[in-house]
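**Q** Keeping the supplied structure of chain A fixed, place chain B upon it in accordance with the hints.
Now for the letters of each chain:
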Amino acid sequence: MSDPAQLQKTALHGVHQKLGARLVEFGGWHMPVQYTGIVDEHKAVREAAGVFDISHMGEFFIGGPFAKDFLNGLLTNDVEKLSVGQGQYTLMLNDEGGVIDDLILYRMKEEEFLLVVNAAKIEEDRACIQARLAQAEGVLFEDRSAQTSALALQGPRALEVARALLGAGWPMPEHNQITTCSWNCQRVLTARTGYTGEDGVELFVLSEVAEPLLAALLEAGQPLGLKPCGLGARDTLRLEACLPLNGNDLSPLRTPIEAGLGAFVSLKKAADFPGKEVLLKQKASGVDEKLVAFRLTQGGPPPRAHYALFLGEARVGEVTSGAPSPTLGYGIGLAYVETEFAEPGTKLELEVRGARVPVEVVKKPFYKRVK
Amino acid sequence: MSTIPAELRYAPSHEWIKVEGTTGLVGISDHAQAELSDVVYVELPKVGAKVNAGAVIATIESVKAASDIYSPASGEITEVNSELVKQPELVNKDPYGAAWLFKLTLSAPDDVGKLLDAAAYKAAIGG
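Quick mapping for you: the protein sequence lines, in order, are chains A and B.
Residues in the first sequence are numbered consecutively from 162, following my numbering.
Residues in the second sequence are numbered consecutively from 10, following my numbering.
In short, the hints are calculated from the structure, not lab data.
We treat Cβ as the ideally placed atom computed from N, Cα and C, and that holds for glycine.
Keep in mind that the hints are not guaranteed to be accurate.
[Claimed, not checked] Okay, the calculated beta carbon distance ranges per label pair:
(1) Arg293(A) / Asn61(B): 56 to 64 Å
(2) Thr458(A) / Ala133(B): 36 to 44 Å
(3) Ala132(B) / Asn409(A): 31 to 39 Å
(4) Ala133(B) / Gly506(A): 46 to 54 Å
(5) Gln178(A) / Asp126(B): 28 to 36 Å
[What the hints assert, rightly or not] Calculated pairs, DSBU-like style, for lysine-lysine (alpha carbon to alpha carbon, straight line, at most 30 Å):
(6) Lys102(B) / Lys179(A)
(7) Lys131(B) / Lys179(A)
(8) Lys95(B) / Lys123(B)
(9) Lys529(A) / Lys444(A)
(10) Lys229(A) / Lys429(A)
(11) Lys242(A) / Lys444(A)
(12) Lys55(B) / Lys508(A)
(13) Lys95(B) / Lys55(B)
(14) Lys123(B) / Lys55(B)
(15) Lys444(A) / Lys525(A)
(16) Lys524(A) / Lys95(B)
(17) Lys242(A) / Lys525(A)
(18) Lys529(A) / Lys59(B)
(19) Lys430(A) / Lys204(A)
(20) Lys270(A) / Lys437(A)
(21) Lys242(A) / Lys508(A)
(22) Lys123(B) / Lys204(A)
(23) Lys102(B) / Lys55(B)
(24) Lys525(A) / Lys95(B)
(25) Lys242(A) / Lys442(A)
(26) Lys204(A) / Lys95(B)
(27) Lys508(A) / Lys95(B)
Pulled out of the complex, with its shape left as it was, chain A reads as follows (with noise of 0.2 Å):
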């Protein structure tokens, strides 16, 4: 493991630690993979609600009078359709199609965005704004990912909860939208989003905000089931709910059409993105794999990252990510498999140190929260 003296913190690194959690290298980062156990903050964020510090999280603001084309030309969703307040789900490209990035991009003013960013990869979509920034006039970028703190607050209380905290003048924001609060006399951005399954918010505030705000979260919260969770409950929620895991799921050797994402890539938009002309041809004659759902029949060991799949002796898949599914009591994966093989219904087996564990591909997502 590495050492956690080398490693990033967030503004409530001492927090997590007083909270009794233990603490685990995520991306370059020292972050609280559990506080009391992945299964008792599975279960709080799907019956109750659940904090994350996703403060390791990257957040970027770019403006200017061409900023909105600029991203249209960096993105693979179609930045005209968002509106004021509005925020979309994108990713960020290489010349090939694989996957730099996936992101959420909000429209904070008419020529004003905020880009939110996975933390391990702030470097590199910042290395890769800028290099296109120089052939680039009227766009303003700045990188404010040290300054910004955030909390994830998720679950079917979780709005119940902010709006304990922030009281009854909170403009709630509606899915996928962003507003701006005040909380203690400090500017608090909300986002109706999430990487659980559940409703809930994404709270952006400046880092010395971050502990009164957590504090006050958690006493708000309390009585409504509020747990502090972390990242272990975060991959078996979003794991649950398909949502793909940049790293895992996603790779810079993986599409978006491959990785089932083609809602968020716009092919029909006028701007060029990078790997736009690989994602047509794929989209035009179909693609080799797709990342599927899958899971147990027959009940044995979970299935984990890079395990094989098999047809018969036939290798036709690898999975990129694998659980236990607290919600579903059985092991749940997601994996690349060849396409012939990717329709649900269709009968696996699992290779676990050696030995074979019959599984099925399913529809996704495996479980989808009762609005």
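**A** Then chain B, alone, in the frame of chain A:
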């Protein structure tokens, strides 16, 4: 604070062994079960398997990951705790009792004395 019974010997890889004559009873420590948390699957060796001290002999899976379990002693497996296949959570509940993993006939019973005693194990885990 984790429990470390004085009558057991411990491997640095967190397995405990209890010796009765030439038979050893093996499990994982309270510290190890707490580190793993939420055990969901236990894979045990076959009865009759021969194992060397320090070799991988079983697998315990938590929600997060699969962890190798090493045999703290050399010998032949004589019995495994198949109850753990049905109730893997016993590893979290009773690591020194109901969640014993396997028994083995020790080929070198004296070597067990080279393992850590409770005080040394406590120091090893920073207790």
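**Q** Against the structure, test the hints numbered earlier, and report the numbers of the ones violated in rising order.
**A** 8, 18, 19, 21 and 22
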